[in-house]
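The sequence shown begins at 5 in the working numbering and counts up by one.
Be a bit skeptical, because a hint or two may be false.
As the list claims (entries may be wrong) - In the DSS-like style, the derived pairs of lysine-lysine whose C-alpha atoms are separated by at most 30 Å in a straight line are:
#, residue 1, residue 2
1, 455, 368
2, 285, 239
3, 151, 364
4, 62, 6
Said to hold, decoys possible - Ranges between beta-carbon positions, derived for each pair:
#, residue 1, residue 2, range
5, 59, 147, 17 to 23 Å
6, 481, 72, 37 to 43 Å
7, 295, 537, 46 to 52 Å
8, 116, 563, 54 to 60 Å
9, 187, 69, 33 to 39 Å
10, 168, 32, 27 to 33 Å
11, 331, 112, 28 to 34 Å
12, 163, 59, 19 to 25 Å
13, 312, 552, 53 to 59 Å
No lab work stands behind these hints, which were simulated from the structure alone.
All C-beta atoms, glycine included, are put in the ideal place defined by N, C-alpha and C.
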Amino acid sequence: MKVALLFPPQWYPSQPYLALPTLKAHLESRGHEVDQFDLNIECYDIFLSRKYLEHCTKIIRKRIDDPTRATEDQEVRPVYKDILSDTAFLQSILNEVEDAKNVLKDENRFFQFDTYSKAYTNLKIAMQLISYAHHPSRVDLDSFFMKGNPEENLSGILIATEDTVRNPFLHIFEEHLIPKIPWNDYGIVGLSIIHIGQVIPGLTLARQLRKLYPDLHIVVGGSVFNRHADLLDDKQELFKKFFHSLIVSEGELPLDQLVQHLKENKSLHTVPNLIHLEGEKVIRNPKSEALPYEELVCPTFDQLPLEKYLMPYPVLPYMSSRGCYWGKCTFCTHSFIYDSHYRKENEVRVAEELDHLSKKYKTKYFTFSDEAISPNAFNRMSKEILKRGVEMRSLGMLKFESSEKETPELFDDIYRAGFLMLFFGLESANDRILSVIDKGCDQETERAVLKHSSEAGIWNHLYLFFGFPTEEREEAEDTIKFTIENSEVESGIIHSVGQSIFSLEKDSAIYHNPSKFKIDRIIQDPERDLSIVFDYEISTGMPREEVLNVYENFDSIIEEHFPSRKIWNYLSREHFLLYLDHYGKEEILNMAPTTVK
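Sequences are here, hints too, so could you generate the full structure?
Next up, the structure:
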């Protein structure tokens with residue numbers, strides 16, 4: 005029984021996602037025949053073409069000429085008129101989209117920032133045109149949004165996956181992608197849905213395949229439905245119209261067993277981690293422990309169209325551990341799919357696999373997908389990479405630990421091994437908030453670690469948020485002050501920042517213990533019973549309006565104190581990795597003039 009693994013849109017177009025290459029490699033090691041298809045990048049290849057944009061223009065003309073849509077489209081009709089009346093601008097979009105796509109694949113033009121930024125802007129405009137054709141939905145270069153968040157309830161999913169006006173993927177799959185694959189060659193199709201923006205596109209595809217090829221067994225995996233696993237008792241329609249089964253937690257062992265059971269026509273009751281329908285009852289099979297790292301194999305990117313990703317060179321994802329070695333941050337849900345079970349690969353094997361992948365796919369660029377690499381693992385891994393002479397340029401995620409663990413010597417080795425950029429989850433620079441989050445560090449530690457990393461030549465990127473429950477304005481100001489003091493125009497140990505507003509997610513420690521964090525009530529909306537993010541009420545800390553004010557003010561502070569934001573804010577992390585390797589940290593910092601007075 006042959007297996008087809010699918011990664012549906014809408015996700016970033018700069019590199020493959022790691023799930024399919026990992027599963028394909030494991031299943032093949034178990035003797036199964038497997039093909040993998042990144043329908044996300046195939047979708048972009050269609051979207052970002054003159055032919056498809058002309059199709060969108062025709063949709064807009066049809067909508068503006070349809071009197072039955074006059075009321076529904078009242079808000080967007082002026083925009084439609086502007087698009088159709090400005091023929092020169094419209095033609096420029098149609099004429100330039102293919103070349104804009106090629107700029108991002110051309111190693112010469114890619115590194116000319118003015119050319120790059122113009123091309124990227126043209127691609128964003130093209131995606132806006134697609135969005136207007138399917139208004140009020142929004143399609144962009146990393147996600148897909150439909151008005152009303154239909155993915156948050158069953159009735160919304162049922163309607164959205166058949167909505168030919170607002171859902172562009174019905175046409176894309178039916179006319180372009182489904183006909184390209186010989187579905188009768190396969191007995192099982194696996195879809196990996198790892199992001200909310202993939203839910204409607206992924207289930208649209210599943211529904212179409214279910215109708216067209218009723219003999220296919222369709223199984224869904226990935227982090228989104230993993231977090232819905234306890235909400236499916238009354239969602240029989242999902243199993244009847246979209247997929248036959250659902251795998252929770254890590255997929256290697258259960259998918260192998262599912263394929264084997266279907267081959268032998270055995271009952272699915274003994275497939276671990278599987279949720280399926282029997283009659284009208286949703287059945288949850290017992291869970292099994294994930295495979296140890298010794299039984300996992302190196303991912304394979306064979307069959308993936310590496311030349312179609314919007315990059316001049318392949319940038320491959322890699323993972324040296326699963327779960328998070330810390331696993332205590334009270335807001336985090338990233339380790340949920342791993343059942344909070346941390347384990348890592350032998351560092352010698354990491355170096356061997358990186359060397360193998362680098363030579364096989366002719367690239368030195370990697371992004372580590374680990375939740376966080378521990379200092380000890382980073383130390384051993386860097387030494388093995390250097391010892392083996394692996395030519396690598398990469399980025400990774402690091403948690404703040406004491407400066408006794410994260411020493412200048414450690415960062416020197418990390419940098420020499422090829423890690424040009426590190427992502428740190430700062431979250432806050434206020435010691436009380438850090439304690440409530442359970443980050444295991446304080447502001448002094450954050451400052452020392454960033455200094456060590458920067459002095460080694462590494463680009464430090466920080467993630468932080470405002471509005472953690474109980475956070476007061478003066479505590480948020482501590483984070484702002486810390487960022488300013490260590491910004492590009494001050495001490496220079498912070499090089500870029502990504503800020504957000506705290507969101508309460510299902511399955512986080514805060515969600516399960518709201519009173520501990522002074523949350524008065526989590527708002528459970530029955531019309532959003534598949535929601536992952538929840539509204540809540542508090543009487544302690546900044547109200548929502550004040551949090552928004554802090555966030556908006558902070559954005560202008562970043563603009564003022566990080567002149568190079570004009571560069572890095574344009575670039576995806578994969579694109580920025582290539583820029584760091586091409587220009588070096590200091591040159592990028594000098595590419596934008598200092599504007600602070």
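Cross-check of the supplied hints:
1. 455 - 368: The hint holds at about 27 Å.
2. 285 - 239: 10 Å, holds
3. 151 - 364: 43 Å, violated
4. 62 - 6: 40 Å, violated
5. 59 - 147: 17 to 23 Å: At 21 Å between Cβs, range holds.
6. 481 - 72: 37 to 43 Å: Roughly 54 Å apart at Cβ, these two residues miss the hinted range, so it is violated.
7. 295 - 537: 46 to 52 Å: With a Cβ separation near 31 Å, residue 295 and residue 537 fall outside 46 to 52 Å, so the hint is violated.
8. 116 - 563: 54 to 60 Å: 24 Å, violated
9. 187 - 69: 33 to 39 Å: Once the Cβ atoms are compared, 37 Å apart, the range 33 to 39 Å for residue 69 and residue 187 holds.
10. 168 - 32: 27 to 33 Å: 38 Å, violated
11. 331 - 112: 28 to 34 Å: The hinted range 28 to 34 Å is violated for residue 331 and residue 112, with Cβ atoms some 45 Å apart.
12. 163 - 59: 19 to 25 Å: Since residue 163 and residue 59 have Cβ atoms about 23 Å apart, the given range 19 to 25 Å holds.
13. 312 - 552: 53 to 59 Å: 39 Å, violated
Consistency note: the structure conflicts with the earlier hints numbered 3, 4, 6, 7, 8, 10, 11 and 13.
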